Every structure is written in C-alpha cells, then in structure tokens.
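**Q** Based on the provided sequences and hints, a complete structural model is requested.
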Amino acid sequence: MSETHTRLQVMMPGPGPFPYQEHLWRLVGAHLGLAVRFGYPSEPAGEYRVFCGSGGPSLRMPFEGGGGDLLADGVRLHRVRQGRRRWKVLAGAKGLKVKCQGADVTVNTDLIGPLGWLLSLGEEGQIYRRDRYGLFQGQDSVRRRMGALSEPIFENTAAWIGAVVDAPLPPAYAREATWAVAVSCDVDVLGDGYIPAVLEFLDEHRVERPTFMICAHSEEEGTIRDPSYDITTDSASRLLEPLRQADVEVGLHGSYLAHDRPGFLMAQKCRLEQWWGRSVQGHRAHFYRFAYPRSWAWQHRCGFLYDASLGYPDLPGLRSACASPTMFYDHERGSVPFTVFPTAVLDQHFFWPTRWSRRKFRKYISALFKRIARINGALLLDWHTYTIDAQRYRGWWDRLDEILSWAREAGACSSGIGKVLEDYRRRWERCTVQCPALVLGDGTDTLDLSDRSANNQGPFPIVR
Amino acid sequence: MPRPVYSSKGSVVMEKDVCHIQSFAVIGLPVTRHGVSLIRHVVEAGLRPKFGLIIAQRDDQLERSSGLWSVPEWWEKAAEGWSETEPASESGAIGEDSVEALYRVHRVPYVFVPDLNGQVACEIISRGAVDAILLAEGPILREPILRASRCGVVNVHAAPLPEYRGNHATRWALYHDEPLCVSAHIVDKGIDTGPILARQHLPVMRTDTLVDVDERGFKVCGELAAEVFAHAIRTGVPIQPQRPWQGRTFKGQMPREFIEELERRLRDQEYSHYE
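Protein chains in written order, with the numbering used here: chain A, 1 to 464; chain B, 1001 to 1275.
No lab work stands behind these hints, which were simulated from the structure alone. Since the model is a prediction, treat every value here as computed from it, not as a measurement. From the three backbone atoms N, C-alpha and C, an ideal C-beta is built for every residue, glycine too. A couple of the hints might just be wrong.
The calculated label-pair distances, taken between Cβ atoms and stated as ranges, are [said to hold, decoys possible]:
{"id": "1", "chain 1": "A", "residue 1": "Gln101", "chain 2": "B", "residue 2": "Gln1240", "range": "50 to 60 Å"}
{"id": "2", "chain 1": "B", "residue 1": "Gly1095", "chain 2": "A", "residue 2": "Ile127", "range": "36 to 46 Å"}
{"id": "3", "chain 1": "B", "residue 1": "Lys1251", "chain 2": "A", "residue 2": "Ala93", "range": "15 to 25 Å"}
{"id": "4", "chain 1": "A", "residue 1": "Asp234", "chain 2": "B", "residue 2": "Asp1268", "range": "34 to 44 Å"}
{"id": "5", "chain 1": "B", "residue 1": "Arg1064", "chain 2": "A", "residue 2": "Ala93", "range": "25 to 35 Å"}
{"id": "6", "chain 1": "A", "residue 1": "Thr232", "chain 2": "B", "residue 2": "Glu1257", "range": "36 to 46 Å"}
{"id": "7", "chain 1": "A", "residue 1": "Ser228", "chain 2": "B", "residue 2": "Asp1268", "range": "54 to 64 Å"}
**A** Structure below.
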C-alpha cells in the first residue's frame, strides 16, 4: 500500500466545525487502518466527499446532521453491495439509493449520522425502558424487531465505505488474526476453588491475559444487589490470591450505584489498586447499570481507560451495533483516550430466562462468528466465575468451551480485554496523531482533485 | 454577595461560589401542594418572605391586586387589617393547597399578578430589592424574572440533580432503582439545569405506596427549602454548577404502564434502598 493509501481523505460538508462528525470519521478510519485527513470547503457543500489517498474511487454522501433527530421507529436496515460483497447498514426512513458512475459511488442519504446515533445510544434515549433498573433489555430494541440485534452496523458501514474507496480491511489483531475474542470473567461470588478452576480452563484454551472484573465496594457503598465479599478482608484476599499470581488483567466490577457516583468509582478503583498492586484500567458495572453519557464521562475522569458495561442482560447482541472497541466522544472534552468495548455475549443469555437448545446456541454463535470475522471485529464475552460450579450451573462453561474452540478453528485470537484494546489503541493513535487537518498556506490553496474531474464540481478552497 | 451571570446560552455562572442572602420573596401558583409545603416549612422555620407573588386564576383577583402594583413598598401595609378567619378571596376557595390562605394565616403580604414572566412581576420584584426568590411551583421562567433578583430564583426539585431533570423525575429515579433525594437549585433557562445549592435524602419505607413517596417528597422539599434559606441567610450556601451531560431530562407524562409497574414493584418491595 502506498503512503497516500494510508489516508482517508474526507471533504467535510462545510467550513465547520464538525467535531462529532470528525470523531465518527476517525472511528471509521481506525477500523480501516487509515489516517483521516479532513478538508473544509469555504461554503456549505451539504455533502461528504471521500476517497483514499490522492485518487481512486470516491464516495459522495449527503450530510444530514449528527443523527440526533433520528427516531427509533424511523430507522431502517438497508443492504448495500460493492462487487460481490454485501453489508447491512442503517439509514433513515427515506430509504437508501446507491448510484455508481464508473468506480465512483453516490448515496442519497447520510450513513455517518446513524453511526453517531447508534454509538451515542440514540435509540435508548427515546425508549424510557432503559431506565428500568438502569438496564436496557435487548427485547426492547427496535433492532431486535429488524432481526439485527447482533449486526455490527458500525463495522459494516466502515467496511462498505472502505470497499467503495478501495481500502480493504487490515488484519486488526495480534498474531495477524483478522478478528478476536476477548474473554472476561465477573467475580460476583467467591468460593473455594472457583478461581483456580477458571484459570486452568482459560489456560487450556490459551486465552492470553484474560480479564477478571473484581468488586471493591465498601459496606456503605454497597446495596442489597451487590456481591457481599469485601476485598479488604483476609478471607476474600485469600480466595482471590491465585489471580495475583497469574498473568491476568484485573478490572473493577463497579457496584450497583457506582455507575452514577464518581466518588464511589474512585474509592473502589483505589481499593482495588491497593489490593492488586498495579493500575486498574478497565471497568464493568454490576448489572450492566449504565447512564449515557455520564457513566463513561465519570469513568474517564476517574482514570479508567475502558468500559465494558454496554450489554443486554437478556439477549446476546451488540448494544451499540458495534463489534469492536471505539473511542468515546466526551461532550465536554471531545475525543478522549477512553475506549468503549460492548459486551456481546453473557453466560446467562443461554440459560436464563430460558435455556437455549444446543442447536439454537450453535446456530446463533456460528452466524455471529461469520458476521464478526468478515468485518475484522472483536467479540467480548462475559462469564461469571461462580458458574464454573458445574453441579449448580450445569453446562454454563461447556458453552464457553465450545465458543473458544470454534473461534480458534475460525482463525480468531483469544485474549483478555486489555490485549484487544492495545491493538485497537495502536491503530487509533496511528490513524489520528499523524494526520492533522489540512491547513494549507494562506487559506487560498486548493485540495487537488483535478485528476478526478468526473467526481468533482471543482477544486475546494481550504479554509483551515 | 454573589450575582448570577448569564452565559450566552442562558446558563447561570455565579461570580462567587457561595449564595448569601438577606431577604427573599416567593412566587408561584395559587393552588399547589408542593408550593404550600415549601412556603409552610420556610415560614415555620422563622424565615419571613418580604412578600409573595401569586399567578392570578381569575379577573377579580387581578382587580383586587392591580391597585397595589404601582404602590411603592405596598408590602409594608398589605397585611394590616387582615382577619385570619375571613375568606382569602371572594369565592372563599381556601383549601389546604391554597397559597393565598397560607399567606393570610402567616400574615405574609401578597399580590396577584397576571404571570411570572411579565413586566408587572419583574417590576415588583425589582422594586422589592430582594436578594433571592423562592419558586413555589410555577411555569418555566424566562430571563426577565430570572435576572430580577441578585441571587436569582431558587427551585426545589423533588429528585436527584443533576441526574434526573424534568417531569415526574422522582418517579423516574424510583423506576431507575436509585436512592431518592430532593435538590435545591438556582433556576436558569434550561429545565432543572441551574447550579445546585443542596440535596436532601428522601427515604422510602417498605410499606410505602407511590402516593406515600410523593407526599413525603413534598415534605422533604419543604424541609430542604427551609434549610437552604436559613443557611443562605446565616452563612451562605456553596454553589455547585451542573454540566449538561450530567443528567437526563424527562419530558411529558410518565406512561401509565410505567406507573403501574412502579406501583407493583413498591407493593412487592422490590426497591433496593429501603430505610
């Protein structure tokens, strides 16, 4: 790939500013392994113009805002194709039409706005059921009615844009694996032998640095919904000791109320770091309790680097329609070094409230793997350590055994969350740091698109 | 003395981080359980409003009051000659939720005004030179009245701020299974987005129904109002600004099915934070 083909050139729809849209394009660029260079016309153009490097096929797409005005009942899933490949993307109710002129493509609707709507949980903002115990159930999602609860719409859109502008998806993860499975275990109950058995299981499956989410709340910070162990006691410390001896990553399993209380979060992080003796970077809220955007904003301000709370308690699925880590956009601070990695599959999904048959489980996982592998995504799993007690939780870890075995056969690498995020952050930094916005001369310079006159109305003056 | 400074977007930024007052007025609806609880607690705590402004419901109320609108310092003589037993208005409509009746019992001077955002109300407040205004339930306030006193308008919202803004926020917090509290804040142009003065825990008991929680909410709001104004007069109250992203604004009515679910959850004692 030439140097110019390491850049996604995005001509924004006007002089700007477009901070959130730029963030979304950078996320697309990071998924494609491309730095994004922005250009700004001096007058509102009303559309994005995108191409890769200094030439080649281009994409024109109208700009319709940040997706904030989309309605949950007004979005539709559409199929797009490029060559022989097809993807499912999300657009507004007016429908999606794709027009090809030679290698150049024009669409009639904004596909970036809906990405913002998905990543900022726009759907949930319109569905008050999110506030039921602070949970949002997959069964309440409009995407469930579309049959798209497990569809990685963000990556599909990025992959399609990449295919249009001739930027194939790069291998994204360690050992040149194209996709990854991240394994995390919530430590809700401490019992004799749970942790050693879990470590042995994960070692057999060669899961590199698996992640363990440990509670660290005090009695005052806890509720009747919280695990009852106290990390500062000798008995808890003794049962958790094998984790300190093993090569694992430890994150905070924030207490029931901590998702909305920075004081609790900070105290629990400090308590866990004191026990662990190392920095704690990751977080997952107990019960997946979550409030957008403040839970992430507080976690970022408390020094966490990622959150894995975004999941459904009742069904497997992708709560932000995203099957890979993405950087959080803080409404006060812009793009911040805080990563959101949604949890797609939880052990209880297959056993509670109804037990899935093995056939249904296998069919679902097989389809999910195909979806994630074709967009070079990452699948985050969440198993509770206490369910390794096979007498009380028959079959719960057999399911994980099958998932990890099938994933290995399908070419995925398996690790903890931290390892997957290391790969992602490297890509993000490469894609963003080296690529400042176009600022040329005295402001009268033009971005040379003349070799692609079929695609352009004329050169754009660069205004900043 | 702090002074609210309004940003271009209407949010309040205080010059100092403490709200310190000497005098205050009360404005609001004529019939309101929430408002009556606020006023009663404040007055019974020995804190006397300089005067009250009540939004008129009928023409005769305006006719009775309009003569006072332009009278300087009308509040000094307004309560003279009142009898606590006489009906407050010609219709005699005195109920336990009547602000007018409460004012008469406690001999707080009051006057009816057409609305709170209009010129009449603003001029009376400005002429009264009060440091702060207590909002005893009312419409969304706009800039003239928000700027009419030195420290602005204080509202007591029956839910945790900044997290739960807007309508039926107590019930939404309950639905969210959060510990309840009520919050006193300075009103700005947004909905419950102004700087926070104080919060007070709102306990929920195992035997409570939704009505019980609402009733206790009125009481705790009143207690907090009295506490905040007492502190603001004695020592000043620290001000904690809110950020827009720190909360969610609930609009419209809570759907009936949600209310029924809440009632069932309280009946089944499913709340996580009982006293």
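**Q** Indicate, hint by hint, whether the structure satisfies it.
**A** Hint by hint, here is what the structure shows:
A hinted range of 50 to 60 Å holds for the C-beta pair Gln101/A and Gln1240/B, which are about 57 Å apart. In this structure the supplied range 36 to 46 Å holds for Gly1095/B paired with Ile127/A, their Cβ-Cβ distance being about 39 Å. The hinted window of 15 to 25 Å between Lys1251/B and Ala93/A holds, with their beta carbons roughly 23 Å apart. For the pair Asp234/A and Asp1268/B, the beta carbons lie near 38 Å from each other, so the given range of 34 to 44 Å is met.
For the hinted restraint 25 to 35 Å between Arg1064/B and Ala93/A, the CB-CB distance of approximately 55 Å leaves it violated. Look at Thr232/A against Glu1257/B: about 43 Å separates their beta carbons, and that is inside 36 to 46 Å. Checked against the given bound of 54 to 64 Å, the beta carbons of Ser228/A and Asp1268/B, roughly 22 Å apart, lie outside it.
Violation of the numbered hints given earlier is confined to hints 5, 7; the remaining hints are satisfied by the structure.
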